[in-house]
Amino acid sequence: MKALIKVGYGCNDHCTFCHTLEVRHIDGTAAEVSRKIARARALGHTMVVLSGGEPTIRPELVRWAGEVAALGMDFGLVTNGRLLSYPDVVAQLLARRLRYVYLSLHGGSATIHNRLVRTDAFAQSYGALAELSGRGLDLKVNCVVTLQNVDHLRELVDALRPYPDVTLKFSMVEPKGGGKALFASLMPRVADAAAKVVDAIDYGLAQAPAQRFAHGGFPLCLMPGHEARYADLRTDQYWSMTEIGEPDFFPVDDRNKLQPDEKCRDCALRGGCPGLYRGYHEAFGAAELRPRTGGLRANSFNYTFEAKVRTSPDDARCPIERVGPAPWDRGRHLFVANGPHVARFRADTRDFSDEEIVAIKHDREQLYLDVSDKPAPDDFATDLVKLMRSPRCAGCTAHDGCTGLYGPAADEVFERDDALVRDWLGALRGDVLDVGCGAGGRYDAILAPLVARGAIRYVGVEPDLGHAEVIARTRPWIELRRSTLEELGTVERFDHVLALRSWNHFADRQDALGKLVALCRPGGVLTIVDNVAFGLVRTRAQSARAEAGPARFEHYRNDDVDAVLPLAAAMGLERLALHPVTRTSSNQWAVRYRTPRVASASA
Amino acid sequence: MSTPAFPESLAGADVVAGSVHLLVQRELYPLDAIFAAAFTFINDCWVVIDVADEARHKVVLTPKAGAQDAETLQRWIGGFANELLSCAYRHRLAKDNRVTVEAVTLQALAGAMGPPTLDELEDFDFSNEAFEDPLGIAQSWEEKYAKKPKPEAKDDAKDDAKDEPTSEKDEDAP
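Protein chains in written order, with my numbering: chain R, 453 to 1055; chain B, 3 to 176.
Careful, some of the hints might be misleading.
Residues from chain R shown here face chain B by an in silico Cβ test under 10 Å; the list is partial [said to hold, decoys possible]:
id, residue
1, Pro511
2, Leu513
3, Leu535
4, Cys770
Hints are computed from structural coordinates only; laboratory data are not their basis.
Glycine included, each C-beta is placed from N, C-alpha and C at the ideal position.
Only chain R is shown next, with the shape it has when bound in the complex (with noise of 0.2 Å):
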């Protein structure tokens, strides 16, 4: 766990790029970073940073390595490498535990290099290299990729082919600092700067197989075959960083990059993806994106303990308030109060992006505490206790930027929502269609004897073959077809039709909502039922056993009942019932439609 500590923003290059520009004149004092450094180990990071600026041309580097090694941290540098190009220098890092070293080189050459960073730098850049392969080190090559180089980007893969340690990174330069200022004259179209990044990573791989690389801030989309090669400050393993004059630690966070919703909200890479730098969708739109949609998503990810959390019986304070709230990521950490214990718990998933952490977090408090030893929870109500926001975050000031407390609620919140399912089951009447229906028989005890007493014909679509023969075997009552949505006929027509958790399950939402209404006799009922993607809570054990586990994504979407709603409103439908989920519910939605009575021509 890496903290990343900024020192100052002076710097030996001056990039056309450069993130600080309007601040290279500012340098942190060493008081300021050696106090950070004893925050950073206070915090539990377990490596120390620095950044700048250029961080090498502080004359307290060593000193400040040797503080880092002395709390028993590792010691790391985001770096120009110039300075690296002495070996007494990285000698004297070694002994300070120097475990990780991410250098800026941006071509393969003198020229083009030296073009980017505005001085004679290169051979000191590329020197340290050799100064710094083969030690061991974590070693990382971050190449910006802009219209100066983009050009030349197999030169640098084969500079770097003799130093087999080496990951390289491509990152598309992003519009701040000096990439703002020279928008025009630096920035590349996305698409193409992404094309000759992916021919880049294939022109190496053919040289050498066991050459590293990497990529950051290209759209997962426009890295077809590279996706897993993603790589930015979260899979560094980076948790917080400090600017020069903030008073402590901040998470790391994508704010400066969207993924735009006309292009994203279905893709199945959002989860990963970084999206679009902001300054770039500002200039260039999201055209160039190639949403990848029909793939399988998560529906739940893992919230994993990592600490206890100390408490006094003789101080009230909220044990975020005494810790300090400002490092905590307001979605990935997540603090659990359980009587007098506290335990912090943190989200590493790449399948949901930071937003929709947030969203389920905070906007929808779907987070569960897994009490079973199964690796995926099949029966809600009995594994899984319902988390909420403490009552104590009431009135907080700090509230809406606080990552919170939370706590067990007492509801039972998945038998009390589903109770109003059962009720609607019980109450059918006449030819029933349950598309989806499942080898699980959870609602077996309501439907059985309706059709034992021919309350019901119960018609059971099952597109998995394993669960259709389960199906057979088990419950002859069931009229089953071994069908998906989208091969059923509409021919024959039925009173009610059930997507009972299943409606995530159809590839395209608006097509099976159109086969779903055609399949209802006019003025029959659509019952529509869900689940919204939700946090689990869990200890290391129980993560490390789900994610070694057999469960696979079943799901294209994660949609709430808001997806419904305008396209069953653009099909005249007529709404009976609503239960979105709520802040104090489970994660099951519900809705039920009227078809229109005058028969429409089938989808």
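Dock chain B against chain R, hints included.
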């Protein structure tokens, strides 16, 4: 003095071998404290320290005086247990106060020694303050380029070209 009664799971006496042993929790007693306590017994006993299991050390005392009854042997281990507690406590105090003691000692010694001689300064290690930078790498871009007077003669300009931004780079500058 009554004989200390230790649970069998913690201590035991072997009258035939003339030895007693004590199992010491590593979590409670640092190894340095065990060594220190053992050291005070080496005049009177043969002392063996071993690893019992992942959580405990085993200390075996064999009195040099020869065969002794079980009660006497138990007294040895009682004495060791008390000494161990004392050593562990002193170890903790020393650890807590170490920085203060070192700082005070250093100040006292520095004051007593007076200023270093020129010969001593030659050997002094300044590496904690800074690093050697013969090429002037650790100089900000602004310091390096902004302070330089503009060359007046063509020959001078040629000599300086290596260190200064190219005209192309200057055009790129904001």
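We went through each hint and held it up to the structure:
1. Pro511: Since chain B brings a Cβ to about 4 Å from Pro511(R), closer than 10 Å, the hint holds.
2. Leu513: holds, 7 Å
3. Leu535: holds, 5 Å
4. Cys770: Where the cut-off is 10 Å and the nearest Cβ of chain B is about 30 Å from Cys770(R), the hint is violated.
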